[in-house]
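> If you want the building blocks of each chain, they are given just below.
There are 2 protein chains.
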Amino acid sequence: MEKRSLGARALVFPTPVIIVGTYDANGRPNGMPATWGGVCCSDPPSIAVSIRADNYSYDNIKLHGCFTASIPSERYMVETHYMGLASGRDNNKFESLSLTPSRAEYVNAPLVEEFPVSIECRLSQTIELGSHTQFIGVVLDVKADIAVLDTQGEPDIALIKPLVFDPAKRRYFGLGAPLSKASALSRRMD
Amino acid sequence: MEKRSLGARALVFPTPVIIVGTYDANGRPNGMPATWGGVCCSDPPSIAVSIRADNYSYDNIKLHGCFTASIPSERYMVETHYMGLASGRDNNKFESLSLTPSRAEYVNAPLVEEFPVSIECRLSQTIELGSHTQFIGVVLDVKADIAVLDTQGEPDIALIKPLVFDPAKRRYFGLGAPLSKASALSRRMD
Numbered sequence: 001m002e003k004r005s006l007g008a009r010a011l012v013f014p015t016p017v018i019i020v021g022t023y024d025a026n027g028r029p030n031g032m033p034a035t036w037g038g039v040c041c042s043d044p045p046s047i048a049v050s051i052r053a054d055n056y057s058y059d060n061i062k063l064h065g066c067f068t069a070s071i072p073s074e075r076y077m078v079e080t081h082y083m084g085l086a087s088g089r090d091n092n093k094f095e096s097l098s099l100t101p102s103r104a105e106y107v108n109a110p111l112v113e114e115f116p117v118s119i120e121c122r123l124s125q126t127i128e129l130g131s132h133t134q135f136i137g138v139v140l141d142v143k144a145d146i147a148v149l150d151t152q153g154e155p156d157i158a159l160i161k162p163l164v165f166d167p168a169k170r171r172y173f174g175l176g177a178p179l180s181k182a183s184a185l186s187r188r189m190d
Numbered sequence: 001m002e003k004r005s006l007g008a009r010a011l012v013f014p015t016p017v018i019i020v021g022t023y024d025a026n027g028r029p030n031g032m033p034a035t036w037g038g039v040c041c042s043d044p045p046s047i048a049v050s051i052r053a054d055n056y057s058y059d060n061i062k063l064h065g066c067f068t069a070s071i072p073s074e075r076y077m078v079e080t081h082y083m084g085l086a087s088g089r090d091n092n093k094f095e096s097l098s099l100t101p102s103r104a105e106y107v108n109a110p111l112v113e114e115f116p117v118s119i120e121c122r123l124s125q126t127i128e129l130g131s132h133t134q135f136i137g138v139v140l141d142v143k144a145d146i147a148v149l150d151t152q153g154e155p156d157i158a159l160i161k162p163l164v165f166d167p168a169k170r171r172y173f174g175l176g177a178p179l180s181k182a183s184a185l186s187r188r189m190d
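From first to last, the protein sequence lines are chains A and B.
Residue 48 in this note's numbering sits at position 48 of the first sequence, and the numbers go up by one each step.
Residue 8 in this note's numbering sits at position 8 of the second sequence, and the numbers go up by one each step.
One copy or any two copies: either way a pair holds, since identical chains are not told apart in the list.
Keeping only pairs whose Cα atoms sit at most 20 angstroms apart, straight-line, the calculated EDC-like set for lysine to aspartate or glutamate is: (1) K161 - E74; (2) K161 - E114; (3) K3 - D145; (4) K3 - E105; (5) K62 - D24; (6) K169 - E154; (7) K3 - E113.
Don't read these hints as lab results, they were simulated from the structure.
The following block holds chain A by itself, in its conformation from the complex (with noise of 0.2 angstroms):
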């Protein structure tokens, strides 16, 4: 295998879209694509996501103290992508778009209602990185559409249909074939 040296640079293959949620000062629900971000930790159960400065939701996280972290399925790539496109200082892009922000039970933060999943996190820590920020938010509540529970109550990603983003030639992507799950190769390798 021939292997080539691209530089330094920002990859992983792939990134997640995860909708951050926030409240402005006024109490105007902004939402913002982070593709920076993932889950940081299974317990305390944590995520983060990665902002600029510049960005409203960095003032409005540094503001509430908290967000909400919305997955959106692929139907809705569009509105995804115009809530990276717009800022919520401009405009109520829940409006532009359509979309109903839902407040959170246990943060100051609004949902994305259409969205199957979303996340409540209270801010534990900021990490400052150079361009972005890192936001990491113990999460005190998964909320799931039950459109797209199992039948045990398991969150079931099939149904979910997220976003897969490529952050090198920033596309999105949806959802692949099941390759296996790991409890069966667990069995077969132990």
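Add chain B to chain A, keeping to what the hints say.
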């Protein structure tokens, strides 16, 4: 849409599967899959991986102050999964799996030669989060198999075929169909 509370859980959909490459004190290569991780900063380009303190890789990263992040293609799902079941304390996983550890160019850590993308990282911050420690690494170089580069020399995720992980039911998926190029959406919505 009826939503159900699932409680406080560590979930984001999807997560990547990152093979963290390190050497131990004797220079023996190790690789472990991390699904808690991703890009966390654009400038300096940085990635984060979260690891438990009892993982062998934890000691190795602390020892050498660096690590690599290799992205397995879906054809290496079984090898990837095995790396998560075995410990580098007991055996050389590279040998067990007939994978080739090649020394990174800029850091003292091994790359998985057979995997299409490898990222060389110098440890920049260590964040204690609870069950997991988040290691943040500044990317010094990305290396890619020329077979996964497009005609412009850019890595093409559709050729990389990374694993896509479902943290709720711990299953591996492939990459799905391309939905859209973000730049195409930008033009339409500008």
